[in-house]
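Mind docking chain L on chain Y? Use the hints.
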Amino acid sequence: MLNTDFLRKLCLCCGISGDESRVCELIKKRIHESGVEMRVDAMGNLLVSKKGKKRAKNKVLLSAHMDEVGFIVTDICADGTLHISSVGGVDRRAIYGKSALIGAKGVRGAISVKPIHLLSGDERDSVIPIDKMVVDIGTDSREESLKYVSLGDSVCFEPNYTEKNGIIMAKAIDDRAGCFILTEILRQELEYDIFCSFVVQEEVGLRGARAASYTMKPDFAIVVESTTAADIPGSDSTNEVCNVGKGAVLSIMDRATIYDKECLNIALKTAEKNNIKVQLKRAVAGGNDAGAIHTSAGGVRTTAVSLPCRYIHSQTGLISSEDLQSSLDIVKMTAMELAKL
Amino acid sequence: MKNLIFNLCSAKAVSGEEAPVKEAVRLALETYAEVSTDQNGNLFAKFGKKDAKYSIMLDAHIDQIGLIITHIDDNGFVKASPCGGIDRRVLQADRFTILGKTEVPCLCCSTPPHLSNGKEDKAVAAGEIWFDTGLASEELREIVSLGDRIVFSAEPKLLLGNRVLSPALDNRAGVAALMYCGDILKRHELNCRVIISLSSREEVNMAGAKTAAFSLYPSEAIAVDVSFAKQSGVPSEGRGVLDEGPMIGISPVLDKDITSKLITAAKVKKLNYQLEVMGGVTGTTADAISSTRGGIRTGLVSIPMRSMHTAVEIASLNDIAAVGELLAEYILERSVTVC
Chain Y
11 MLNTDFLRKL CLCCGISGDE SRVCELIKKR IHESGVEMRV DAMGNLLVSK KGKKRAKNKV
71 LLSAHMDEVG FIVTDICADG TLHISSVGGV DRRAIYGKSA LIGAKGVRGA ISVKPIHLLS
131 GDERDSVIPI DKMVVDIGTD SREESLKYVS LGDSVCFEPN YTEKNGIIMA KAIDDRAGCF
191 ILTEILRQEL EYDIFCSFVV QEEVGLRGAR AASYTMKPDF AIVVESTTAA DIPGSDSTNE
251 VCNVGKGAVL SIMDRATIYD KECLNIALKT AEKNNIKVQL KRAVAGGNDA GAIHTSAGGV
311 RTTAVSLPCR YIHSQTGLIS SEDLQSSLDI VKMTAMELAK L
Chain L
222 MKNLIFNLCS AKAVSGEEAP VKEAVRLALE TYAEVSTDQN GNLFAKFGKK DAKYSIMLDA
282 HIDQIGLIIT HIDDNGFVKA SPCGGIDRRV LQADRFTILG KTEVPCLCCS TPPHLSNGKE
342 DKAVAAGEIW FDTGLASEEL REIVSLGDRI VFSAEPKLLL GNRVLSPALD NRAGVAALMY
402 CGDILKRHEL NCRVIISLSS REEVNMAGAK TAAFSLYPSE AIAVDVSFAK QSGVPSEGRG
462 VLDEGPMIGI SPVLDKDITS KLITAAKVKK LNYQLEVMGG VTGTTADAIS STRGGIRTGL
522 VSIPMRSMHT AVEIASLNDI AAVGELLAEY ILERSVTVC
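Chains as they are written, first to last, in my numbering: chain Y, 11 to 351; chain L, 222 to 560.
So here's chain Y without its partners, still in its complex pose (with noise of 0.2 Å):
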């Protein structure tokens, strides 16, 4: 069984893009005594290195984002409460009500929600934009407010994190899972050497990705996801997109890249030969840090693992623990192949 404190950790810690500096100082904290070298490049990604028993015959780079969706504090109105915009592509109908922490003090708030009782009848049924939510701190005053929040503070999904009979519930899964096996794989004594990406910005535009994969100049990348699983009550197999419990999910294209094929056969088979329950992605949706890997320099080809993940980009995800050990063993596993290809 995997021990998952250290995801825990992950999960709990706040870093919506641009503010990811404390999930990078625990990673740091976590790999620095596992004999790699790392440092910070100028927009915060964490790039690490780890010598294996072997050299390499090919760079092989595996990227995670640090970042999570979230909120940014873009005014404080006369009554106290905050208006926000959202960092990421937050699921709008899924932060009504729900409680937040903000800037680096970490005050918490709710998103105001007008009583039931008092809604006229199309209201009940309406989701409001997010333009129209204000965050109650439990201020009464613009005044109060300014002594403990500021414009720019992050706003980010109140932590939790829950795993009961292989199932894990938590904030920000997207993707402090992928740097949770990426971290897991550099404490490893490793058969190749290995180089690692654990890169800012992600949710908004792969930002981090772009400038990391071009200091590092890999010649095979392995982005370690989260994808939506719409495995769920109301949507049949055709739009699953992928089931949670099936393994991890390789991807074949996405809105922002047409993946390697020999990459993906290469993943396949090793999962044959292994015994690793794999799955691949079935739609043409979302995008990740691959559509900014595969494209930066002369091109870099890459491939991407992720688990599936319902509710993504909402405060909370659920995974399954099973699926974890499996996309951990994949991406090592492709990586070495890769190394020696």
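There's no promise every hint is true.
Simulated pairs of lysine to any residue, SDA-like, Cα-Cα distance not exceeding 25 Å [to be verified]:
(1) L:LYS378 <-> Y:LYS256
(2) L:LYS300 <-> L:ALA344
(3) Y:LYS157 <-> L:ALA346
(4) L:LYS340 <-> Y:LYS19
(5) Y:LYS256 <-> L:SER257
(6) Y:LYS174 <-> L:ASN296
(7) Y:LYS64 <-> Y:MET53
(8) Y:LYS115 <-> Y:ARG18
(9) L:LYS378 <-> Y:ASN170
(10) L:LYS490 <-> L:ASP404
(11) Y:LYS115 <-> Y:SER151
(12) Y:LYS142 <-> L:ALA346
(13) L:LYS274 <-> L:ASN296
Note that these hints are calculated values from the structure, not bench results.
Values in this document were obtained by computation on a predicted structure and should not be read as measured data.
Frame of chain Y; chain L shown alone:
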């Protein structure tokens, strides 16, 4: 007060299944009162003069809103109906707990935007509320049954300025106020009988308060509940304000004498108070109690609250304590004048 309210709000008790909160209050009440329960899920704590002719019922409902499981599917998802006035706009992707044989964490299903077919701005429909435990259906059916309740799982948290955030504040805030009042009164000798009534099922049909009032048939009653405070996006006329004290209710269905004596008690005790004027029924257990048997003279005191009926209800610990103090002062005065 913080410990009391956190303790009460940590208990998960949806309408019709109030036992967990009753466990939480029983020990404290038993130290000074005669505690009993009835067939409808109510809990009574009687104290003061044993054979007194005059009795005052203080009622707060003990249940909270939630949902009730109506279906378990073959993939381990459960479907549920509202149990009380659930706001469907706040459900999606929120964290809940199924109160089965053991507590099962779950999330309310949320359809990803790419499958929403233009319904991105619609709240989840009433007949389509599903919950996800991640468990296989065989496993799930061993611990969860039809009829089990589902409740918001957020733990109580403190906000700035002695304000508290919890989905159970409606009406554990009222329960806490009555317990605080009881703690003051237990140090006094009373000429009347006081009955703290923690009534069940308010959020569904007030079945608890209705039958409690019938059985107790007190000389008078005061209901304590939460009410609307001023908040962003809500017209402010007639709303209470957080931290400005108890909201004393004025309504055609409430007893004028009790209302005015509550105001006097606030003035004597130098407590801040606010008036809440309603044109008819109050939407609280006061409505049920006042028309029981041949009628019971009833007053209403409310605790101002923001974002009612959500996982992020907000109230002030100061207001809750002040309601307790106000009621204690009122009863001490009543104990002298009516008995």
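These are the hints, each one checked on the structure:
Taking the CA atoms of LYS378 of chain L and LYS256 of chain Y, the gap is about 37 Å. The hint is violated against a cut of 25 Å. Only pairs whose Cα atoms come within 25 Å are accepted, and LYS300 of chain L paired with ALA344 of chain L is accepted, the gap being roughly 16 Å. The straight-line distance between the Cα atoms of LYS157 of chain Y and ALA346 of chain L is roughly 41 Å, outside the 25 Å bound, and the hint therefore fails. Between the alpha carbons of LYS340 of chain L and LYS19 of chain Y the distance comes to roughly 35 Å, so the proposed pair goes past 25 Å and is violated.
About 53 Å separates the Cα atoms of LYS256 of chain Y and SER257 of chain L, which puts this hinted pair outside 25 Å; it is violated. Straight-line distance between C-alpha atoms of LYS174 of chain Y and ASN296 of chain L comes to about 17 Å, which keeps the hinted pair within the 25 Å bound. A hinted pair counts as satisfied when its Cα atoms are at most 25 Å apart, and LYS64 of chain Y with MET53 of chain Y does not qualify at roughly 31 Å. With a C-alpha separation of about 20 Å, the suggested pair LYS115 of chain Y and ARG18 of chain Y falls inside the 25 Å cut-off, and the hint holds.
Under the criterion of a C-alpha separation no larger than 25 Å, the hint pairing LYS378 of chain L with ASN170 of chain Y is consistent with the structure, at around 13 Å. Straight-line distance between C-alpha atoms of LYS490 of chain L and ASP404 of chain L comes to about 17 Å, which keeps the hinted pair within the 25 Å bound. Note on LYS115 of chain Y and SER151 of chain Y: the hinted pairing holds, with a Cα-Cα distance of about 19 Å set against a maximum of 25 Å. For the given pair, LYS142 of chain Y sits about 22 Å from ALA346 of chain L by alpha-carbon distance, which is consistent with the 25 Å threshold.
Annotation: proposed proximity of LYS274 of chain L to ASN296 of chain L is violated, straight-line Cα distance about 60 Å (limit 25 Å).
Checked against the numbered hints listed earlier, the structure breaks hints 1, 3, 4, 5, 7, 13; every other hint is satisfied.
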